[in-house]
Amino acid sequence: MLALIDHRSLARRPSIARFAIALLALSLHATSLAAADVPPSRIVSIGGSITEIVYALGQEKRLVAVDTTSTYPAEAAELPNVGYMRALSAEGVLSLKPDLVIAVEGAGPPQAIDVLKSSSIPFLEVPDQHSAAGVAAKIRIVGKALGVEARAEDLAAQVALGIAQASTPGAGQTDRPKVAFLLSVTDGRLLVSGAGTAADSAIRLAGGKNAFPSFENYKPVSGEALVAANPDAIVVMRRKEHDPTQAVRAIPGIHLTSAIRSDRLIAMDGLYLLGFGPRTPGALRELAEKLRASDD
Amino acid sequence: MTETVAGSELYPPKRPLFGRAVLRRAAIPFLLTLLTLAICASVVIGPSDVTFPDVLALLDASLRGDPAGDGLRNAVIVYDIRLPRTLLGCLVGAGLAVSGAMMQGLFRNPLADPGLIGVSSGAALAAVAAIVLAGSFSLVIPSSLRPHLLPVAAFAGGLLTTILLYAVATRSAQTSITAMLLAGIALGALSGAFTGFMIFRSTDDQLRDFTFWSMGSLGGATWREVIAILPFIALLFAALPFVGNGLNALLLGETDAYHLGFDPQRLKRWIIVLTAAATGSAVAAAGAIGFVGIVVPHMLRMAIGPDHRLLLPACALLGAALLVGADILSRTIVAPAELPIGIVTAIIGAPVFLSILLRRRAVFDF
Chain A
1 MLALIDHRSL ARRPSIARFA IALLALSLHA TSLAAADVPP SRIVSIGGSI
51 TEIVYALGQE KRLVAVDTTS TYPAEAAELP NVGYMRALSA EGVLSLKPDL
101 VIAVEGAGPP QAIDVLKSSS IPFLEVPDQH SAAGVAAKIR IVGKALGVEA
151 RAEDLAAQVA LGIAQASTPG AGQTDRPKVA FLLSVTDGRL LVSGAGTAAD
201 SAIRLAGGKN AFPSFENYKP VSGEALVAAN PDAIVVMRRK EHDPTQAVRA
251 IPGIHLTSAI RSDRLIAMDG LYLLGFGPRT PGALRELAEK LRASDD
Chain B
1 MTETVAGSEL YPPKRPLFGR AVLRRAAIPF LLTLLTLAIC ASVVIGPSDV
51 TFPDVLALLD ASLRGDPAGD GLRNAVIVYD IRLPRTLLGC LVGAGLAVSG
101 AMMQGLFRNP LADPGLIGVS SGAALAAVAA IVLAGSFSLV IPSSLRPHLL
151 PVAAFAGGLL TTILLYAVAT RSAQTSITAM LLAGIALGAL SGAFTGFMIF
201 RSTDDQLRDF TFWSMGSLGG ATWREVIAIL PFIALLFAAL PFVGNGLNAL
251 LLGETDAYHL GFDPQRLKRW IIVLTAAATG SAVAAAGAIG FVGIVVPHML
301 RMAIGPDHRL LLPACALLGA ALLVGADILS RTIVAPAELP IGIVTAIIGA
351 PVFLSILLRR RAVFDF
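If you read the protein sequences in the order shown, they are chains A and B. All residue numbers for the first sequence refer to full-length UniProt numbering, where the first residue is 1 and numbers rise by one. All residue numbers for the second sequence refer to full-length UniProt numbering, where the first residue is 1 and numbers rise by one.
Rather than coming from a laboratory, the hints here were simulated on the basis of the structure. Beta carbons: idealized from backbone N, C-alpha and C, even for Gly. Heads up, some of the hints might be wrong.
What the hints assert, rightly or not - Stretch by stretch, here's where chain B covers chain A in the computed footprint (C-beta under 8 Å, at least three residues):
| no. | segment |
| --- | --- |
| 1 | 46-52 |
| 2 | 74-84 |
| 3 | 93-100 |
| 4 | 118-128 |
| 5 | 217-230 |
To be verified - Dumping the calculated SDA-like pairs for lysine to any residue here, alpha-carbon to alpha-carbon at most 20 Å:
| no. | chain 1 | residue 1 | chain 2 | residue 2 |
| --- | --- | --- | --- | --- |
| 6 | A | LYS219 | B | ILE199 |
| 7 | A | LYS219 | B | LEU133 |
| 8 | A | LYS117 | B | HIS148 |
| 9 | A | LYS117 | B | ALA75 |
| 10 | A | LYS219 | B | THR195 |
| 11 | A | LYS219 | B | LEU207 |
| 12 | A | LYS97 | B | ARG64 |
| 13 | A | LYS97 | B | GLY71 |
| 14 | A | LYS97 | B | TYR79 |
| 15 | A | LYS219 | B | THR211 |
| 16 | A | LYS117 | B | LEU72 |
| 17 | A | LYS97 | B | ILE333 |
| 18 | A | LYS117 | B | ASP80 |
| 19 | A | LYS97 | B | GLN206 |
| 20 | A | LYS117 | B | GLY71 |
| 21 | A | LYS97 | B | THR51 |
| 22 | A | LYS97 | B | ARG73 |
| 23 | A | LYS117 | B | THR222 |
| 24 | A | LYS97 | B | ALA75 |
| 25 | A | LYS219 | B | PHE194 |
| 26 | A | LYS219 | B | PHE200 |
| 27 | A | LYS219 | B | ALA193 |
| 28 | A | LYS209 | A | ALA225 |
| 29 | A | LYS219 | B | GLN206 |
| 30 | A | LYS117 | B | PHE200 |
To be verified - Here are the simulated distance ranges between beta carbons:
| no. | chain 1 | residue 1 | chain 2 | residue 2 | range |
| --- | --- | --- | --- | --- | --- |
| 31 | B | PRO231 | A | SER120 | 28 to 36 Å |
| 32 | B | PHE242 | A | ASP187 | 47 to 55 Å |
| 33 | B | ALA179 | A | PHE215 | 38 to 46 Å |
| 34 | B | ILE185 | A | ASP187 | 22 to 30 Å |
| 35 | B | ARG224 | A | SER120 | 16 to 24 Å |
| 36 | A | LYS117 | B | ALA350 | 35 to 43 Å |
| 37 | B | PRO231 | A | ASP187 | 47 to 55 Å |
| 38 | B | PRO29 | A | THR68 | 38 to 46 Å |
| 39 | A | ASP154 | B | ASP60 | 45 to 53 Å |
| 40 | B | SER176 | A | THR186 | 37 to 45 Å |
Chain B with its partners taken away, still in its complex shape:
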């Protein structure tokens, strides 16, 4: 029903190799296969020489008892480094892609991304404050908690900015999307200024820490991070059916959505809460990873259309697969060092995105 409504302006109907009906039916099985392949590859590929046979031998040894000798090192590499890293990549990628799709649906704007509700700029400000000020409060914070300071601060900072923005844009129980957009720009500039002030106060080391943080990395992945982010992404997945139907209705406009039986205000609130929680926890765990939230939803919308009931789960699968794949590159290209994953996602994502746009332009001239 909504296929012809929202997509029509941005993506005119096309005459591709496969009909959209075929693509729609094949989308979930195809993306599931892609994600499974990416996960398997991520567990058997890395800078060290632990490959497929070693992983099999390790699984065998683990099932029969404790691995020993060379197996111990392999066990650390597979169980403590690659597995949590792969799972964190899945959760972060899925969270960012779904958040992006929800934001574009809510704002009815193809350029929308989670940054619009202030969660990214708030998280960045809190992160740099945690990096720069951690030393000043070292007496207050016990040393055992200090490693958790940055992710907790980033999460709280993202959430607080979103709450502030929501409060500013809401008048008599009605949230104005335009007010939210404009106030978001103002708040972004403000937190940018505070971030700049923190950078001014920082030492060389702190500045480099922040620079690396802002390019994102799954390098800090341990089981602790996976468990910390899991509830937020699980909440997002649990809400997908409700949000999918609601966003479809919202594409017709707020009044029509209301007449279809959806309370737009309740929907907005839910989407903002879910996005802030998912993006906030993703940014807290892996730093600022750009582009996933824009490229993945657009690629899928071009292939399977804007029906959010299908689009949102598809975004979760492709986002997860893309980030896991990008992470394989990030830790092998310059091994034994590691390239920040934000660089990889942009280097892969931008040309793919451009080529899709150009191909469509050649056919349909827009």
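Bound conformation, chain A alone:
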């Protein structure tokens, strides 16, 4: 291929031509390296953040299927769907003839995973940590499996930096605002995040502190307890056509809280804020800005 290039024309425009040759040589080198261990071309991605990483690395053409938690980007929904990540069907996954299955930690059931492993299809389980280092590790692992280490390294560094910057408190900010995260508000019943959840990590990384640190996971909490906790901000999960902020404003006594008085009732998309993938720096920055907004 290199022989086809006219050397005389190269001599006339040396800088551009040399750059082009260098690029060409580099890409040829890269393909030959990757070809040595045949990069996977039929990938099943299980877990919303894994799918986002595959798209962020520009490798979506190699995806053959995703799971129901992969809701971003919207094009991912057009791919065949293998069902909920914890209730996979072994033959369903095999029917797509994948040459790599990438799953976020917790995919199951174990029997289906065992069968997949016994069918000699590479199965990669990616740990899920809600931190800057955790997201960066996730990106590096996926990048390595796809044979795009360099791009993954860039993205991982960028995302880790973005998360670290989002968490630095703003100038003149002394106290961390107390934040209540409501997973759902149905008929006045509140499901609130305690410690140890993705929401808890997101609040901390955005410069806030959880208003309900006394229990683990998501628990139902009464409106009275929410008012008593007096959060400085309330974060609710927004779903497609459903905005729960009206329901929150209807909670008796809620107007007494610092969150409503300072107008810090924040609605954010679930996977965006809690997915811990490439979009996390943006989500955390957005949350951090809203937490600081109208701070008086």
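Starting from the known structure of chain A, arrange chain B on it as the hints suggest.
Relative to the frame of chain A, chain B by itself:
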């Protein structure tokens, strides 16, 4: 002899296309054929493109030596996924249908199902406890045993609840069926409350695991599950002749059964043990699959009458065929994903059951 006794109230004699004698004689061969067809279909149909010719080629390759290349994937799909899944479907379906028929015979109540002796609620409580608490005991339980925790717990939970219920309902070596029914309701409410408490303690993932478990699935079928459930269902089959005769006698009432030479207490104990073991192991292997235990016995009672000597084996065959057929749908409708089988059995079972009831109502006005 019993045909006119028990069925008369629920199912008045009818004038159908075929006489009951014909149906009775044809029942077992017909159901055997149906089950064979269902098994064959289940082995050659699935979400992947491994179909009849591939299965034949695979059998051929396996007989001549080890399959290689594309054959390896096909071998995993047929030998490690479809075959154990089909067999597990047969065993679970047969176990649930026979248990249901025995319960309806024992309680002399058309609404009876294995849940009445507490085995389902106990298994559900133990299952959710295993899902939620597994993490807390992760240091005690070696990781190699953790996948077996849920089925073992469900089986033990079902059996323990049944034993407790039996003890409560038994006074001076006599088990009162009414006491068992009422105590069963109380124990069901109690284990429901504990189940609710476990759900309260659960994380999102654990809650979703339990929700899927409670809708049932044969998706976890491997040879291990088939071998684990086999002895319990085999025990059930071995006892069918004895139980069939006994239940026929019991339809006349406990006193008459006694005079016919059957010890009602011994019969009750056996039926409860068999049902708890069969249902418990079925629930442990495939989660809570509803409806099979009610619909299958009723459909067959309408067709061939309440003679348990014929009814129980027929229930085993139809239950197996129904569950295997439902499982084919469950793994192909939304392929490559999978619909929980409890949804499929209810969607097929309920309309069929209703249509039978309505047809009979139109003719006989009940």
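Violated constraints from the hint list, given by number and in increasing order | 1, 12, 19, 30
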